[in-house]
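As given, the protein sequences belong to chains V and A, one line each in that order.
Using this note's numbering, the letters of the first sequence map in sequence onto residues 1 to 96.
Using this note's numbering, the letters of the second sequence map in sequence onto residues 97 to 244.
Hints may be right or wrong, so weigh each one.
Result set (DSS-like, lysine-lysine): computed pairs, CA atoms no more than 25 Å apart in a straight line [unchecked claim]:
#1 V/K35 / A/K222
#2 A/K98 / A/K213
#3 A/K110 / A/K213
#4 A/K226 / V/K50
#5 A/K213 / V/K31
#6 A/K110 / V/K38
#7 A/K195 / V/K52
#8 A/K230 / A/K178
#9 V/K38 / V/K52
#10 A/K230 / V/K50
#11 V/K38 / A/K195
#12 V/K35 / A/K178
#13 A/K178 / A/K128
#14 A/K214 / V/K35
#15 V/K52 / A/K128
#16 V/K50 / V/K7
#17 V/K52 / A/K98
#18 A/K178 / V/K50
#19 A/K128 / V/K38
#20 V/K38 / A/K214
#21 A/K213 / V/K52
#22 V/K31 / V/K7
#23 A/K214 / A/K230
#24 A/K226 / V/K31
#25 V/K31 / A/K178
#26 A/K110 / A/K128
#27 A/K213 / V/K38
#28 V/K50 / V/K38
#29 A/K98 / V/K50
#30 A/K98 / V/K38
#31 A/K110 / V/K52
#32 V/K31 / V/K50
#33 V/K50 / A/K214
#34 A/K110 / V/K50
Listed next, the stretches of chain V that the computed footprint assigns to chain A, with coverage defined by at least 3 CB atoms under 8 Å from CB atoms of chain A [claimed, not checked]:
#35 37 to 47
#36 50 to 63
In short, the hints are calculated from the structure, not lab data.
C-beta atoms are modelled at their ideal positions from N, C-alpha and C, and glycine is treated no differently.
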Amino acid sequence: MLILSRKVGEAIRIGENIEIIVTEISQNRVKIGIKSPKSIPVYREELYQKIKDENRQAALINENDLQAAPINKNYLVNVLSMFIKPETKTKEGEKK
Amino acid sequence: MKIETSRFGTIEVKDDSVIEFPWGIPGFESIKRYVLIEHREGPFQWLQAVDEPSLAFVVCLPEVIGISYEVPSSCLETIGAKTREDVIILNLISFDREKNIIRFHLKSPLVFNVNEKKGYQWTMDKQEVKTYIKLPEGMEWEESSDGE
Numbered sequence: 001m002l003i004l005s006r007k008v009g010e011a012i013r014i015g016e017n018i019e020i021i022v023t024e025i026s027q028n029r030v031k032i033g034i035k036s037p038k039s040i041p042v043y044r045e046e047l048y049q050k051i052k053d054e055n056r057q058a059a060l061i062n063e064n065d066l067q068a069a070p071i072n073k074n075y076l077v078n079v080l081s082m083f084i085k086p087e088t089k090t091k092e093g094e095k096k
Numbered sequence: 097m098k099i100e101t102s103r104f105g106t107i108e109v110k111d112d113s114v115i116e117f118p119w120g121i122p123g124f125e126s127i128k129r130y131v132l133i134e135h136r137e138g139p140f141q142w143l144q145a146v147d148e149p150s151l152a153f154v155v156c157l158p159e160v161i162g163i164s165y166e167v168p169s170s171c172l173e174t175i176g177a178k179t180r181e182d183v184i185i186l187n188l189i190s191f192d193r194e195k196n197i198i199r200f201h202l203k204s205p206l207v208f209n210v211n212e213k214k215g216y217q218w219t220m221d222k223q224e225v226k227t228y229i230k231l232p233e234g235m236e237w238e239e240s241s242d243g244e
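For reference, chain A alone in the conformation it holds in the complex (with noise of 0.2 Å):
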């Protein structure tokens, strides 16, 4: 199928790798469906809205930054996932024109069924954080800190 995007033009997707977001995407809940694309060599991808075309998102696998997650089985649940193995995360990635950088949103990754192509947002609070984020090796999470 064609998709018409503002950022790369009219381009061509398979049908089988349109991802539905049942409930969207906190702030375009109205938004359902995307497609991922790669950026270049990566390690980012886009994850591009296939009803908006000016809508898209970039996004990283945490194990980029070291990062990996504990993922509930009421996580699994909400995408209809069985296994840990059934389901791909990954982070939001926002950039910081004042301080020029790039950040990763730990605190709300994306959650993918890869089996159905769905997704979701999960979204955790500051306990939670300790639970379910798998920091690298050497580093933990400074006593004081939300994670941001």
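Pulled out of the complex, with its shape left as it was, chain V reads as follows (with noise of 0.2 Å):
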């Protein structure tokens, strides 16, 4: 791996069209600018390897799987209790 040493405003270019400034330096962390072209997708390290984990759980599923999971109102709102609760306070004059 390639090491550099950087100061704060420094940079590092790779290539023609991708600069990495140094922005912020403190005791544990470093902020870093990005100038690259919009069309390449920039992801946190650690974050691209849960999706990639996750995407691989995702290329598992079969045909079965759909079948044994049939989608109604009654089970969406299961699904979505798990990562949300709802609002405590009920609204008035809601549609039916």
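Two chains, each in its own frame: build the complex with the hints.
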């Protein structure tokens, strides 16, 4: 691995159109700015790894799984409740 | 064109229905071309790899569970789209065999430029989730939840 030492405000250029700039350094965190073509997606590494694992999991799905998991309204409420909670206050005049 | 698939056999698809993922999909970076295939009457679709018969994902419109996305311009630009109307978003679906439930991968939606038939996977961190994912009315993010 290539290791370069940089100060705040200094940058690294990769190829013609990618520039990485050190904008702030504190005790255990470095802020970096990235100038790159908009068509190149930029990911945080740990997020990328997580998404990779989730995608591999998603690719294991087969047709039987979909039959086993019919979509209906109650079911959707269950799906949603796994990551969000309904507001405790109920709204009046809601459309039935 | 004809494509080989391990789930559906050999299928015929229109040449212009092929969607290019210039950066692949994380975990499957080398696979760049996909097609969408309807799954029965919906709401699911298969995202079948053109060059890898065994690779297919199940995808679904987030609207099916009442979710919508605010798409930032950086995300549109990645696939060369100018406005929100140029893109559609589909969520990957996975199946949890232990709990017998399906999961929508809300934090990493696939974004498609419908005009240029180009796609990529958008990923967001914890803070971004609340900014870009619009929940159904009457629901809010749980404070401690990280959006799983």
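Going through the hints against the structure:
no., hint, in the structure
1, V/K35 / A/K222, "holds (23 Å)"
2, A/K98 / A/K213, "holds (18 Å)"
3, A/K110 / A/K213, "holds (13 Å)"
4, A/K226 / V/K50, "holds (19 Å)"
5, A/K213 / V/K31, "violated (35 Å)"
6, A/K110 / V/K38, "violated (29 Å)"
7, A/K195 / V/K52, "holds (22 Å)"
8, A/K230 / A/K178, "holds (21 Å)"
9, V/K38 / V/K52, "holds (22 Å)"
10, A/K230 / V/K50, "holds (22 Å)"
11, V/K38 / A/K195, "violated (40 Å)"
12, V/K35 / A/K178, "holds (20 Å)"
13, A/K178 / A/K128, "holds (22 Å)"
14, A/K214 / V/K35, "holds (22 Å)"
15, V/K52 / A/K128, "holds (15 Å)"
16, V/K50 / V/K7, "violated (31 Å)"
17, V/K52 / A/K98, "violated (29 Å)"
18, A/K178 / V/K50, "violated (29 Å)"
19, A/K128 / V/K38, "holds (19 Å)"
20, V/K38 / A/K214, "holds (14 Å)"
21, A/K213 / V/K52, "holds (23 Å)"
22, V/K31 / V/K7, "holds (12 Å)"
23, A/K214 / A/K230, "holds (24 Å)"
24, A/K226 / V/K31, "holds (22 Å)"
25, V/K31 / A/K178, "violated (29 Å)"
26, A/K110 / A/K128, "holds (17 Å)"
27, A/K213 / V/K38, "holds (17 Å)"
28, V/K50 / V/K38, "holds (23 Å)"
29, A/K98 / V/K50, "violated (34 Å)"
30, A/K98 / V/K38, "violated (33 Å)"
31, A/K110 / V/K52, "violated (29 Å)"
32, V/K31 / V/K50, "holds (22 Å)"
33, V/K50 / A/K214, "holds (23 Å)"
34, A/K110 / V/K50, "violated (34 Å)"
35, 37 to 47, "holds (count 7)"
36, 50 to 63, "holds (count 13)"
The structure shown violates the earlier hints numbered 5, 6, 11, 16, 17, 18, 25, 29, 30, 31 and 34.
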